[in-house]
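In the numbering used here, each residue carries its 1-based index in the sequence shown increased by 937.
Rather than coming from a laboratory, the hints here were simulated on the basis of the structure. Computed from a predicted model, the values in this text were never measured in an experiment. Think of the CB as a built atom: it goes at the ideal place given N, C-alpha and C, for glycine as much as any other residue.
Now the in silico label distances, taken between C-beta atoms and shown as ranges:
no. : residue 1 : residue 2 : range
1   : 961       : 1056      : 43 to 49 Å
2   : 999       : 1030      : 40 to 46 Å
3   : 1026      : 974       : 16 to 22 Å
4   : 1011      : 991       : 20 to 26 Å
5   : 1026      : 948       : 44 to 50 Å
6   : 986       : 952       : 22 to 28 Å
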Amino acid sequence: MIWVLSESPPSVMHCAVFVAAEMIFVLGGLRVPERAWPFFLVSNGVFNLLGNISQLWLNFKQRSCGQVSAITLLLSLSGNTVRIFTSMVLAQGDSSLLGLFLVSWSLNVLRLVQLIMYR
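Take the sequences, apply the hints, and build the full model.
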């Protein structure tokens, strides 16, 4: 997404620093303090909204979904549906987690509606 939306692609150094930071995080045993967990939940929701809304807006402006695959979209929608049901069962009382998956599911439904409309 960075390559598409920016004027110039990120440099090799930026990519290397990003990959190195992720490797340190993963190899470090994922020891994130529990008080930081809500930050990851919120950031996931923000990135999900930004990515999907920009895609929905682009599809709307072009009146076309381009090369969007119906199978990939249906698989994503089914995955979100499973996440909603498992969150309702396993994460009882965590409405923020359920809300995140409901928003993601809704945006995928909108993308599916666009795919049907613009075919």
